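J.: Take a look at the letters that make up each chain.
There are 2 protein chains.
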Amino acid sequence: MLEHGGNLRDAARRYGRDDWIDLSTGINPHGYPAAAPSPAAWHRLPEPDPALIDAACAYYRAPQLLSVAGTQAAIQALPRLRAPSRVAVSSPSYAEHAHHWNLHGHARRLVPYAALDEAVASSDVVVVVNPNNPTGETVAPDVLLDWSARLHARGGWLVVDEAFGDTAPHLSVAAHAGQPGLIVLRSVGKFFGLAGLRLGFVAAHERLLTQLADLLGPWTISGPAQEVALQALRDTRWQHATQASLAAGGERLSQLLLKYDIASSGTPLFRWWPQVRPEAFHEHMASRGIWCRLFREAARGVRVGLPAIEPEWRRLEQALHEWSKG
Amino acid sequence: MLEHGGNLRDAARRYGRDDWIDLSTGINPHGYPAAAPSPAAWHRLPEPDPALIDAACAYYRAPQLLSVAGTQAAIQALPRLRAPSRVAVSSPSYAEHAHHWNLHGHARRLVPYAALDEAVASSDVVVVVNPNNPTGETVAPDVLLDWSARLHARGGWLVVDEAFGDTAPHLSVAAHAGQPGLIVLRSVGKFFGLAGLRLGFVAAHERLLTQLADLLGPWTISGPAQEVALQALRDTRWQHATQASLAAGGERLSQLLLKYDIASSGTPLFRWWPQVRPEAFHEHMASRGIWCRLFREAARGVRVGLPAIEPEWRRLEQALHEWSKG
Chain A
1 MLEHGGNLRD AARRYGRDDW IDLSTGINPH GYPAAAPSPA AWHRLPEPDP
51 ALIDAACAYY RAPQLLSVAG TQAAIQALPR LRAPSRVAVS SPSYAEHAHH
101 WNLHGHARRL VPYAALDEAV ASSDVVVVVN PNNPTGETVA PDVLLDWSAR
151 LHARGGWLVV DEAFGDTAPH LSVAAHAGQP GLIVLRSVGK FFGLAGLRLG
201 FVAAHERLLT QLADLLGPWT ISGPAQEVAL QALRDTRWQH ATQASLAAGG
251 ERLSQLLLKY DIASSGTPLF RWWPQVRPEA FHEHMASRGI WCRLFREAAR
301 GVRVGLPAIE PEWRRLEQAL HEWSKG
Chain B
1 MLEHGGNLRD AARRYGRDDW IDLSTGINPH GYPAAAPSPA AWHRLPEPDP
51 ALIDAACAYY RAPQLLSVAG TQAAIQALPR LRAPSRVAVS SPSYAEHAHH
101 WNLHGHARRL VPYAALDEAV ASSDVVVVVN PNNPTGETVA PDVLLDWSAR
151 LHARGGWLVV DEAFGDTAPH LSVAAHAGQP GLIVLRSVGK FFGLAGLRLG
201 FVAAHERLLT QLADLLGPWT ISGPAQEVAL QALRDTRWQH ATQASLAAGG
251 ERLSQLLLKY DIASSGTPLF RWWPQVRPEA FHEHMASRGI WCRLFREAAR
301 GVRVGLPAIE PEWRRLEQAL HEWSKG
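Protein sequence lines correspond, in order, to chains A and B.
First residue of the first sequence? That's 1 in my numbering, and the numbers climb one at a time after it.
First residue of the second sequence? That's 1 in my numbering, and the numbers climb one at a time after it.
Keep in mind the hints are simulated off the structure, nothing from the lab.
Treat the numbers as computed from the prediction; the structure is a model and nothing was measured.
We treat Cβ as the ideally placed atom computed from N, Cα and C, and that holds for glycine.
Hints may contain errors.
To be verified - Not the full set, but computed from the structure, chain B residues with beta-carbon under 7 Å of chain A:
#1 M1
#2 G6
#3 R9
#4 A11
#5 G31
#6 A41
#7 W42
#8 R44
#9 I53
#10 Q72
#11 L81
#12 G136
#13 T138
#14 V139
#15 G217
#16 E283
Input sequences plus hints: build the corresponding full structure.
T.: Right under this line is the structure:
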């Protein structure tokens, strides 16, 4: 399996301490405070709740959606729904896309964001993460819709992973996912801080959603996940407050890094920067109980998420201070 | 998608009433009363908890296990882990096995329980549900281990779905799943009444479990599911009490049916019988707000699960009485 953030058990095993600050993911550290699910949610087979789809369509402004057991489920399934194709995956980016489009007979290549427009002409499928994880690069919606139309004209797909799109709603093309050839992935894990649920959504043409549902099979979303997500997706007051607090948190993190001469890019949920010796930085932080995300390959650098509370901010600053003196 | 029990929304839509007694599944109506999961379970990426695997190995007496998002996830994945093979699936039985072994280039045939021994000689893979859903047919462990050895001798697999095996532990071959070629599926949904969790386990040789884990990808089990299942799998007192109460409930259901001349087979969690006009029986019950499981095809008949409370038992008896006079 590919390496990911969030693997705090690995950290604990390797460094033998139990006071970790986990900055290794881009998950909102102040997750949605949902009321406990009903007993029936645990006990019954989880039928899909139409109210959940309605709430998600309203929140994502999508014409139709399929609920999936995390964006990951869709990332794994989409390459199985096409005959072998020429696939361009944006790079550096979330590695699971490239990994799964490399299977099932596809001819997959990695394309830098700046070269994606050119790649559209010579591809059947283009995969973009928008905004990008970890670099924060973005593509404007009108550009995406142009790519989607060009790809669709020859039976192709544009896959847009908007897992970190909640804090940049102006970038979303989910509203256009009724048109064939455009597939938009959304995650409940990051903005809502509900990564434990295993719930995401796919916005796409009805026919593709039916194929995807058939492939994924019945009862993919747990009952408790459905109930908790329904609360979160309907709670516009919490959503507005969270937009503001994440924007402030992201800006604070960016400024803190800059204070120690680290120029980062990213989204309100994480900052990333290219780092000359990322292993050394990661080790420096880990030895102080701060678990960052180390990128060893294409996106060679470091990503940090938002600290949850003031003592965590202080420990991060102290560790950055010591790094800058090292 | 295939038809299943538990689809109470369909029932409500078709019959327009809201006082349903749901007997359409074989799920324990008195599910495990778990304490609420920790906030971290909802919010963090769900790393696999080694303690959950330890508890499951102890409960199932299996040498090693992989947690999966319900038995369904394994049923869908296993046919993808073999080159096209000759596959014998027990019939009538849980239809998802036959459905998925019919894909991916396999040559799948349906084999009655009585002819399975013969089918072993001419198959690469044999799939058995033990005890069977819905008929309750069983195969003795020594017979299964013989089949497994014969299949393994030529690189084959025996897949034993023990989803309803908790109430018949003497039938389980999970303890032998260290030997290559034997794959045992277990479900947390039925006996523990936790179908909403989406959690099951696969016991098999380490190498196969690694292949399966790679195919299924990361974070397949939600955090809350892991915490709730850990409580349930460790709670031997609840497990013993539930063995007794389910045995009594199953016997009571069997006797009640017999009182109205219905000779059924099954397990403590459900009773099934071949019914001449199963659609008429199903309709009779549905018009009285009792949702049974109708089998239209191979297992042509009706399956009923356990009523939860005395008023449900009384309504079931009244409906059976009216059927017998009809």
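J.: Confirm or reject each hint.
T.: Status of the hints after comparison with the structure:
1. For M1 (chain B), the interface hint holds, the least distance from its beta-carbon to any beta-carbon of chain A being 6 Å, beneath 7 Å.
2. Annotation: G6 (chain B) was flagged as interfacial toward chain A, and the flag holds, the nearest CB pair being 4 Å apart, inside 7 Å.
3. A distance limit of 7 Å between C-beta atoms decides the matter here; for R9 (chain B) the minimum to chain A is near 5 Å, and the interface restraint holds.
4. Given the 7 Å rule on beta carbons, the hint for A11 (chain B) is violated: about 11 Å separates it from the nearest Cβ of chain A.
5. Look at G31 (chain B): its Cβ gets to within about 4 Å of chain A, closer than 7 Å, so that hint holds up.
6. Checking A41 (chain B) against chain A by beta carbon gives a least distance of about 5 Å; that is within 7 Å, so the hint holds.
7. At its closest, the beta carbon of W42 (chain B) sits 5 Å from a beta carbon of chain A; the interface hint therefore holds under the 7 Å criterion.
8. The criterion of a C-beta within 7 Å of any C-beta in chain A is met by R44 (chain B), whose closest approach is roughly 6 Å, and the hint holds.
9. Interface restraint check for I53 (chain B): the shortest CB-CB distance to chain A comes to about 13 Å, outside 7 Å, so the restraint is violated.
10. For Q72 (chain B), the interface hint holds, since its Cβ comes within 7 Å of a Cβ in chain A; the closest pair sits about 6 Å apart.
11. For L81 (chain B), the interface hint is violated, the least distance from its beta-carbon to any beta-carbon of chain A being 13 Å, above 7 Å.
12. A least Cβ separation of about 20 Å between G136 (chain B) and chain A goes past the 7 Å threshold, and the interface hint is therefore violated.
13. Taken as an interface hint, T138 (chain B) does not check out: its beta carbon lies about 24 Å from the nearest beta carbon of chain A, beyond 7 Å.
14. Here the hint on V139 (chain B) is broken, as its CB sits about 26 Å from the closest CB of chain A, past 7 Å.
15. At about 5 Å, the closest approach between the beta carbon of G217 (chain B) and any beta carbon in chain A falls short of 7 Å, and the interface hint on this residue holds.
16. Annotation: E283 (chain B) was flagged as interfacial toward chain A, and the flag is violated, the nearest CB pair being 21 Å apart, outside 7 Å.
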